[in-house]
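Peer 1: Assemble the complex: chain A is given as a structure, and chain B with the ligand must be docked to it using the hints.
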Amino acid sequence: MAGKTLYDKLWDNHLVRQRDDGSALIYIDRQLLHEVTSPQAFEGLRLAGRKPWRIDANLATPDHNVPTTVNERKTGIEGIADPISKIQVKTLDENCNAFDIVQFDMMDTRQGIVHVVGPEQGATLPGMTVVCGDSHTSTHGAFGALAHGIGTSEVEHVMATQCLVAKKMKNMLVRVDGELGIGVTPKDVVLAIIGKIGTAGGTGFAIEFGGDVFKAMTMEGRMTVCNMAIEAGARAGMVAVDQTTIDYVKGRPFAPKGDLWGKAVEAWSDLHSDADATFDEVVVLNGEEIKPQVTWGTSPEMVLPVDAKVPSPADAIDETKQEGYERALEYMGLTAGMPITDIPVDRVFIGSCTNSRIEDLREAAAVVKGRTVAKTVKEALVVPGSGLVKEQAEAEGLHEVFEAAGLQWREPGCSMCLAMNADKLGAGEHCASTSNRNFEGRQGFGGRTHLVSPAMAAAAAVTGHFVDVRLLMNKELMGQGA
Amino acid sequence: MKAFTIHTGLAAPLDRANVDTDMIIPKQFLKSIKRSGFGPNLFDELRYLDEGQPGQDCSNRPVNPEFVLNQDRYQGASVLLARRNFGCGSSREHAPWALDDFGFRCVIAPSFADIFYNNCFKNGILPITLSEEAVDALFNEIEAQEGYQLKVDLEREKVIKPDGTELGFSIDEFRRHCLLNGLDDIGLTLQDADAIKAFEGRHQQSQPWLFGAIH
Ligand code: SF4
Chain A
1 MAGKTLYDKL WDNHLVRQRD DGSALIYIDR QLLHEVTSPQ AFEGLRLAGR
51 KPWRIDANLA TPDHNVPTTV NERKTGIEGI ADPISKIQVK TLDENCNAFD
101 IVQFDMMDTR QGIVHVVGPE QGATLPGMTV VCGDSHTSTH GAFGALAHGI
151 GTSEVEHVMA TQCLVAKKMK NMLVRVDGEL GIGVTPKDVV LAIIGKIGTA
201 GGTGFAIEFG GDVFKAMTME GRMTVCNMAI EAGARAGMVA VDQTTIDYVK
251 GRPFAPKGDL WGKAVEAWSD LHSDADATFD EVVVLNGEEI KPQVTWGTSP
301 EMVLPVDAKV PSPADAIDET KQEGYERALE YMGLTAGMPI TDIPVDRVFI
351 GSCTNSRIED LREAAAVVKG RTVAKTVKEA LVVPGSGLVK EQAEAEGLHE
401 VFEAAGLQWR EPGCSMCLAM NADKLGAGEH CASTSNRNFE GRQGFGGRTH
451 LVSPAMAAAA AVTGHFVDVR LLMNKELMGQ GA
Chain B
1001 MKAFTIHTGL AAPLDRANVD TDMIIPKQFL KSIKRSGFGP NLFDELRYLD
1051 EGQPGQDCSN RPVNPEFVLN QDRYQGASVL LARRNFGCGS SREHAPWALD
1101 DFGFRCVIAP SFADIFYNNC FKNGILPITL SEEAVDALFN EIEAQEGYQL
1151 KVDLEREKVI KPDGTELGFS IDEFRRHCLL NGLDDIGLTL QDADAIKAFE
1201 GRHQQSQPWL FGAIH
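Top line first, the protein sequences correspond to chains A and B. Those letters in the first sequence? Residues 1 to 482, per our numbering, in order. Those letters in the second sequence? Residues 1001 to 1215, per our numbering, in order.
No wet-lab data here; the hints were simulated from the structure. In this text, a Cβ means the ideal position worked out from N, Cα and C, and glycines have one as well.
Using C-beta positions, here's what the derived DEER-type ranges look like:
1) B:Ser1131 / A:Lys309: 30 to 40 angstroms
2) A:Glu326 / B:Thr1008: 34 to 44 angstroms
3) B:Asp1172 / A:Asp280: 17 to 27 angstroms
4) B:Thr1008 / A:Gly22: 27 to 37 angstroms
5) B:Thr1165 / A:Glu326: 26 to 36 angstroms
6) B:His1007 / A:Ser269: 44 to 54 angstroms
7) B:Asn1060 / A:Gly446: 16 to 26 angstroms
8) A:Met338 / B:Glu1066: 24 to 34 angstroms
Derived, one-sided and incomplete: chain B residues facing chain A with beta-carbon distance under 7 angstroms:
9) Asp1020
10) Pro1026
11) Leu1030
12) Ile1033
13) Arg1035
14) Glu1045
15) Glu1051
16) Glu1093
17) Lys1122
18) Glu1173
19) Phe1174
20) Thr1189
21) Ile1196
22) Phe1199
23) Ala1213
Derived, one-sided and incomplete: chain B residues facing chain A with beta-carbon distance under 10 angstroms:
24) Met1001
25) Lys1034
26) His1094
27) Gln1207
Just chain A, with the same shape it has in the complex:
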């Protein structure tokens, strides 16, 4: 019998019932909830007179709508200026109270972006099935978990039954061999992958990220990569469990303790694809060839190395893509052939569930240290992913580095990633953003998003345009910086 992939194992471990038509009921170990996609699910439960199946499998925190300025935050929900946002955050609060679900509310230091909070608390564990009414739930796959985003009806379904109706996906292995160069980060790796396979390349697949680059990557880096599996069309992305995973999980508040810890670690040692497992598709990249990436268009697949030139529609492989290129160039206000490094940057956003963890903030701080934000940059925000990330960064003095350079240090939340709160782009403004989506209007009506790594966003902040961060780092190596 052929070996199993990691995804096959996770699937088999949670299969409650296989139905004849190919669909199945799979058991869900953890559901994360936030204020945007849960109100209609709670309302559904109420209308049907149903109760959550297993209350302690759920964990909630508000993130999308919460304000990020100290002023608006200090009085809690009542202090939220936008009345509609306030209702949504309040509704989560009321629902969690009514259904007895644990919530890290706005005033709790553990509050933050769900996908930062789950792993940070050990609420995401290897071998789990994790769902959330949010497509970036794929993030949690970094732990060797089967994690994917679901819709609101499914949120209600999971609350009521602890199961999800699912169909088994196909297996894809994305292998990145070799070693990454200095200044090349996990964000660049995942953008390069999306550039290669396209935003629909992973549709219908669960992607396992393997190869030397991922073996050497930290957990936070793996989360950045899995986070964006959905931008390649795959609902789930995952990385095998290894010592790096176990070291990261150990001692987290909800991680197993004592005897259970040893047993869990033993069970987790099987969470990798068998040597003889077969994948339906294998994609291979060479880590050495990956350069810092910048998206130029309105889809994450419209991405190029920083030293490239904005493409011409004629470069597109087919007519549909060609039209997409034309539209994107127009929306982004770019001309074919211009160097990416000539694109001016009006705002900078360092944050989001892709890049708001402590390592991301360290990476950005190292670049801005001793430098100042360019005069032409109107605003540069640093928004930590959770209250605990914020605390840690402050303990390391990173906030001072940012503030000294002229960046703003904010309270945790989704912020300008999708601009549901007050943080947003103006029409026509270019933003160097560490988030995950560069769709039209995503960061504000008419706003122009360029996805980059934290180091690249920091480099853009201090120069006022895109620049290969490795050039700034070289100067440091030559003794001109810290």
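Peer 2: What follows is chain B with the ligand alone, placed relative to chain A:
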């Protein structure tokens, strides 16, 4: 849930690939805690020339005359013809809610993003995948002929053109059954409550650490 059996309606062509859920319903409208009322803001940024706000009366907003759904000939459309990778991006179920509220019962495209595709079935909307060639031909025919109607027969899994030509499609058996009968997923799953409990018992025994309480 609304059942879907046979539907006949005016078809409207949305000629762009990778239409994402932010485009279908921009995020400012996600602040609603209801499931309904999203129709006036469907494709808000394409449809209007100004920036829409939740709760606003859309009847006086400047419309983009170029946008296909604003053209007279497509008023009352209930079948949307789209390009590849329709519904990519966020998992927001507000996207099918908005399509439904606007009056669409069916979306036809060469391919769909997974989560969106799934969400459609939960809301009585039928997403149909046809080949690139078949979709291309439909675009041409719809644009050439005003008042072009399509008949969609889920039981027989056929899209029927005005001239009687039939295009076959296929939908998972389980999904088709639920949609044809307007069945509620939760009710169906709870019929398996015993199997779920039995699984849960074994799961907890073999991996007790998965059941640690969050507090
Ligand atoms: S940070 Fe952005 S992508 Fe992540 S959960 Fe929040 S809104 Fe979604």
